[in-house]
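Asker: Please construct the entire structure, taking both the sequences and the accompanying hints into account.
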Amino acid sequence: MGVFSKIYKNANKQSKASLSERQQLTVAVWTPGGSDGCPVALELAGLLSRLTGGQGVIAELPCLGIPRLALHVDRYDKEKNTDKLLLDWERSEYQQVYAAQYLLPVSDSLAVLAINPYAAPDLPPHLKLNNLITLTDFPRYLKDSLFLEGYQYLIYLLQGQLHHPMTFFGLKESEQVIFTLNHPIELGWCLSCFKKLTEHYKERKEKFSLYATALEAKAIAGISSIKYLSSLESLINV
609 MGVFSKIYKN ANKQSKASLS ERQQLTVAVW TPGGSDGCPV ALELAGLLSR
659 LTGGQGVIAE LPCLGIPRLA LHVDRYDKEK NTDKLLLDWE RSEYQQVYAA
709 QYLLPVSDSL AVLAINPYAA PDLPPHLKLN NLITLTDFPR YLKDSLFLEG
759 YQYLIYLLQG QLHHPMTFFG LKESEQVIFT LNHPIELGWC LSCFKKLTEH
809 YKERKEKFSL YATALEAKAI AGISSIKYLS SLESLINV
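As numbered in our numbering, the sequence shown has no gaps in its residue numbers, which increase by one up to the final residue, 846.
No lab work stands behind these hints, which were simulated from the structure alone. Accuracy of the hints is not assured; some may be wrong.
Under the rule of at most 30 Å between Cα atoms (straight-line distance), these lysine-lysine pairs were calculated in the DSBU-like manner [as the list claims (entries may be wrong)]:
id, residue 1, residue 2
1, K813, K803
2, K736, K780
3, K780, K815
4, K803, K780
5, K692, K736
6, K804, K835
7, K813, K835
8, K810, K780
9, K688, K780
10, K815, K835
11, K813, K780
12, K686, K736
13, K810, K835
14, K804, K815
15, K803, K815
16, K736, K688
17, K804, K780
18, K780, K835
19, K803, K835
20, K780, K692
Per label pair, the in silico range of CB-to-CB distance [unchecked claim]:
id, residue 1, residue 2, range
21, L655, E814, 16 to 22 Å
22, S838, Q704, 20 to 26 Å
23, E814, N738, 36 to 42 Å
24, H771, R748, 35 to 41 Å
25, Q631, Y706, 31 to 37 Å
26, W797, A708, 19 to 25 Å
Here a beta-carbon is modelled for each residue, glycine too, at the ideal position from N, C-alpha and C.
Answerer: Put into structure tokens, the structure is as follows:
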């Protein structure tokens, strides 16, 4: 039984359980072909909020430095964003920095950690950092910090490639990974990434699925070796 199925079957029990007893979930929405993954991440957040009955976070990791999420949710803050959290966490020598303080609320059930929409295009955050460990350890730190604060789910919104540390370790930290794309030309690269992760990095095939509402479903499902989702609700059966 997959993690989504367990959450669904235990939904009534979780509504009566204390916060510490509820199952917490980490999912990655990844667009290796370059598309905007924000619409899928926001749709998924709505589903997870209904399933868990709790609060969740979408965290946009700045591997390419393209700010999208802030524009989608209309939330802008120069002091509360992924870029600032990365810098403050490293400067603190990885101590006493609470990720929840950098979140922007969108609704009662959702907050976001977005890339700084005011960032300079020629100065991405990774050029301001001194240690590779900041990038490799950030996804785990973020998950641990937010789950300790009581958030029920975390969605990594990934825009990088496998050679980008935050994207790679965001994938490793996730219980489920959803590939999403908006153009057929992106599918080949998604399949290459899927093959590399499952054959060379020994990730479970069941961990991955493909959701592409902009494309013709039957055609994609017929040529893709990744589980195809006709809707995000079908994740419940994963």
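Asker: Take a quick look at whether K813 and K835 sit within 30 Å of each other, Cα to Cα.
Answerer: This hinted pair holds, its Cα atoms lying about 9 Å apart.
Asker: Verify the proposed pairing of K804 with K835, using a straight-line Cα cut of 30 Å.
Answerer: Roughly 16 Å between the alpha carbons, so the hint for K804 and K835 holds.
Asker: CB of Q631 to CB of Y706, is that within 31 to 37 Å?
Answerer: violated (23 Å)
Asker: Given a hinted range of 16 to 22 Å, is it respected by the beta-carbon distance of L655 and E814?
Answerer: holds (19 Å)
Asker: Has the given pair, K780 with K692, been kept, meaning a C-alpha gap of at most 30 Å?
Answerer: Given that 30 Å is the threshold and the Cα spacing comes to 23 Å, the pair holds.
Asker: Please test the hint of 35 to 41 Å on the beta carbon pair from H771 and R748.
Answerer: violated (19 Å)
Asker: Next pair to validate is K688 with K780; report whether the Cα-Cα distance is within 30 Å.
Answerer: holds (25 Å)
Asker: Is K810 within 30 Å of K780, Cα to Cα?
Answerer: With a Cα-Cα distance of about 11 Å, the restraint between K810 and K780 holds, given a limit of 30 Å.
Asker: Below or equal to 30 Å on CA atoms is what counts here, so check K736 against K688.
Answerer: The given pair, whose Cα atoms are some 17 Å apart, holds under the 30 Å limit.
Asker: Assess, step by step, whether the Cα of K803 is no farther than 30 Å from the Cα of K780, and give holds or violated.
Answerer: Answer holds: K803 to K780 is near 15 Å, not above 30 Å.
Asker: Do S838 and Q704 keep their Cβ atoms within the hinted range of 20 to 26 Å?
Answerer: violated (45 Å)
Asker: Would the pair K813 and K803 pass a check requiring their Cα atoms to be no farther apart than 30 Å?
Answerer: holds (9 Å)
Against the hints set out earlier in the document, violations occur for numbers 22, 24, 25, 26.
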